[in-house]
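Asker: Going left to right, the sequence shown walks through residues 1 to 196 as the numbering used here numbers them.
There may be inaccurate statements among the hints.
[As the list claims (entries may be wrong)] Subject to a maximum C-alpha distance of 27 Å in a straight line, what follows is the list of computed DSS-like cross-link-like pairs (lysine-lysine):
| no. | residue 1 | residue 2 |
| --- | --- | --- |
| 1 | 92 | 172 |
| 2 | 49 | 75 |
| 3 | 194 | 175 |
| 4 | 49 | 59 |
| 5 | 167 | 92 |
| 6 | 49 | 115 |
| 7 | 75 | 92 |
| 8 | 115 | 59 |
| 9 | 172 | 194 |
| 10 | 155 | 172 |
| 11 | 59 | 75 |
| 12 | 155 | 194 |
| 13 | 75 | 175 |
| 14 | 115 | 92 |
[Claimed, not checked] Pairwise CB distance ranges, derived in the manner of DEER restraints:
| no. | residue 1 | residue 2 | range |
| --- | --- | --- | --- |
| 15 | 73 | 171 | 16 to 26 Å |
| 16 | 160 | 111 | 44 to 54 Å |
| 17 | 182 | 57 | 30 to 40 Å |
| 18 | 102 | 125 | 14 to 24 Å |
| 19 | 128 | 58 | 18 to 28 Å |
| 20 | 56 | 155 | 53 to 63 Å |
| 21 | 73 | 129 | 21 to 31 Å |
| 22 | 189 | 156 | 10 to 20 Å |
| 23 | 129 | 50 | 21 to 31 Å |
Bear in mind the hints are in silico, worked out from the structure with no lab data behind them. Glycine included, every Cβ here is placed at the ideal spot set by N, Cα and C.
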Amino acid sequence: MFRLLRSQTAYWTWSTPRVSIYSARSLLSTDASTGAIPDVRARLMSELKAAMKSKDTVKSTTIRSVLSEVFAADKAVSGTAPSSVVVAILRKAATRRTDAAAEFQKASRPDLAEKEQQEAALLQSFLPPLLPEADIDRALAEVLDTPAVAEAIAKGPAQKALGQVFKAFYAKVDKSTVDPDLVRQRAQALIAAKSA
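From just these sequences and the hints, can you work out the full model?
Answerer: Structure representation (C-alpha cells):
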C-alpha cells in the first residue's frame, strides 16, 4: 500500500509503510491463548539469543550448527523452508549426535560421548512429540482400506504395494511427525495380515 505525499518543495514522493523487525518477529511467535504450535525456527532463534546472553557456549554452538543447516535449506528452496523441514533437520541432527555418542563409547572416549549426548538432549527438547503407534496404525488402516491400495495388495507383490501405501500415508501425515522405521514396520505387518 503506497501513499503519495507532497513535500514542501512541491515534488511528489512515494512512501511505503514501514514494519519494524520487532513487529515482524512478533508475527512469527504464537500467542499462548490461541493454543497454536510455536514455530520451531523462532524458538531456536530465541534460545540462541538466551544462550549467547548467558554465555552458554555448548548450547549456542549446537543451535548455531542446526541453524546453519536450516539456512542452507532456506537457500535451497529460495525462500523460507517450512517448519516440517526444520523439524526434519533437527531430528537428523539429534540422531547424528546420538550415533556419534555411541561410537565414542565404543572408542572408550566417555568425555566426548557425554558432550554428544548433551547436545542430542538439547536438540530433542526442540522437537515436537512423534505420533504414537496407535495413531499410525489408524492412519495406515485408512490407507489400506482405499480401493487403489487394496487392489495393489491383492494383485501384486507386497513390496510394490508398500510403495503405494507409503505414498498415500505420507500424503495424509506429515513425515516429520512420525518415525519412518516404525511406519515401515507397522505397514509391513498390516499388509502381511491383510494378504494372509
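Asker: Please verify whether residue 59 and residue 75 have alpha carbons no more than 27 Å apart.
Answerer: The hint holds at about 24 Å.
Asker: So the hint says 16 to 26 Å: do the beta-carbon atoms of residue 73 and residue 171 match that?
Answerer: This hint holds: roughly 22 Å between Cβ atoms.
Asker: Assess, step by step, whether the Cα of residue 49 is no farther than 27 Å from the Cα of residue 59, and give holds or violated.
Answerer: Since the Cα atoms of residue 49 and residue 59 sit roughly 10 Å apart, the hinted pair holds (cutoff 27 Å).
Asker: Between residue 182 and residue 57, is the Cβ distance one that fits in 30 to 40 Å?
Answerer: 35 Å Cβ-Cβ, so the 30 to 40 Å window holds.
Asker: Could you tell me whether the CB distance from residue 73 to residue 129 stays inside 21 to 31 Å?
Answerer: holds, 22 Å
Asker: Sort out whether residue 115 lies within 27 Å of residue 49, counting only the CA atoms.
Answerer: Holds. Residue 49 to residue 115 sits at ~21 Å (cutoff 27 Å).
Asker: Holds or violated: are the alpha carbons of residue 155 and residue 172 at most 27 Å from each other?
Answerer: Distance ~24 Å between residue 155 and residue 172 Cα, so the pair holds.
Asker: Taking the beta carbons of residue 129 and residue 50, is their distance inside 21 to 31 Å?
Answerer: holds, 23 Å
Asker: Take the C-alpha atoms of residue 115 and residue 59, compute the straight-line distance between them, and say whether it is at most 27 Å.
Answerer: holds, 11 Å
Asker: Given the proposed pairing of residue 49 with residue 75, does the C-alpha separation stay at or below 27 Å?
Answerer: The given pair, whose Cα atoms are some 23 Å apart, holds under the 27 Å limit.
Asker: May I ask you to test the hint 14 to 24 Å on the CB atoms belonging to residue 102 and residue 125?
Answerer: holds, 20 Å
Asker: Given a hint of 53 to 63 Å, does the C-beta separation of residue 56 and residue 155 actually sit inside it?
Answerer: holds, 58 Å
Consistency note: the structure conflicts with none of the earlier hints.
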